[in-house]
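Construct the entire structure; sequences and hints are all you get.
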Amino acid sequence: MLEIRHLSYGEILREVNLRLRKGELVVLLGPNGAGKTTLLRCILGSCSPSRGEILFAGRPLATFSLREKARLLAYIPQSYQPVFPYTVLEFVLLGRTPYLGFLSSPGKGDRIRAREILRKLGLESLEGRRMTELSGGERQRVLLARALLQEARILLLDEPTANLDLQHQVKIMTLIRQMTRERGLTVMATLHDPNLALSFADRVLLLKEGRLLGEINPGNPVEIRNHLEELYQVPLEVVSFNGRTLVFPARIFISEGNKLLERGNGDEVHKDRSHILGQLCADFGESRRKSQGIWS
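Numbering (our numbering), first residue to last: 238 to 533.
Worth flagging that the hints you see were computed from the coordinates, not collected in a lab. It cannot be assumed that every hint is accurate.
PhoX-like mimics (lysine-lysine), calculated; alpha carbons at most 25 Å apart, straight line [what the hints assert, rightly or not]:
hint, residue 1, residue 2
1, Lys357, Lys345
2, Lys306, Lys259
3, Lys259, Lys345
Treat the numbers as computed from the prediction; the structure is a model and nothing was measured.
Structure representation (structure tokens):
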């Protein structure tokens with residue numbers, strides 16, 4: 238569907254080759270400064286590559302008109318500071334702009350759909366609030382609502398869980414995955430949390446110093462650890478438990494045979510590995526379970 242060929246952007250991106258398919262959620266992991274945001278902006282068209290091309294269905298994106306791009310691509314930045322005091326509903330309705338004629342306004346159907354999306358995101362009580370009055374996490378969810386109302390075929394999400402607590406991180410990723418399946422969307426998201434990526438993504442790609450290092454195989458903990466340690470330059474523990482894969486810093490839990498050495502306040506406490514990992518997985522699984530149906 239979307240193909241990136243030999244894409245370079247100065248020294249920030251170097252020879253990136255990638256294909257994104259319909260109906261899949263792809264997560265891009267990488268340290269700060271790896272080029273994740275720049276890659277999204279090159280796809281969006283706000284950055285012009287120094288080399289290479291980006292194609293949709295075989296057609297170069299550079300040949301698309303602004304209206305065509307707006308119907309094809311929706312983008313959520315990692316941070317947004319509102320300038321105008323739109324209400325939440327007014328702001329979300331801006332997502333319909335690519336489909337409106339000159340001086341036209343959103344219709345009744347647009348407003349019904351906007352309110353439906355706000356309800357799914359748990360934002361219906363904020364409909365009349367000003368964007369300038371919202372917290373960072375609330376703004377992030379409103380941005381997602383606008384992107385969903387835009388009904389673009391490709392979603393580019395730059396840290397969509399930024400400024401969100403754990404409950405809302407799980408809710409947002411659950412909804413994104415659900416919409417990807419139901420609408421046949423193509424979604425590329427950047428994240429900093431490997432556990433969220435491994436839990437929700439169809440594919441997890443690794444970007445470092447502007448180059449794609451490869452793709453993670455979720456079923457191979459040793460491979461995951463090696464790739465992520467190379468990516469982030471920190472020692473890690475990666476464990477599969479009850480069908481889930483967890484990643485955590487090895488300097489917090491240090492493996493000693495079948496025991497984990499837990500360090501805290503200078504004390505050392507031995508705990509059974511299965512007990513600690515089981516509790517971690519159970520807590521995360523409970524968060525995911527609670528997210529199912531909260532917006533149904």
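Each hint tested on the structure:
1. Lys357 - Lys345: 19 Å, holds
2. Lys306 - Lys259: 17 Å, holds
3. Lys259 - Lys345: 30 Å, violated
Checked against the numbered hints given earlier, this structure breaks only hint 3.
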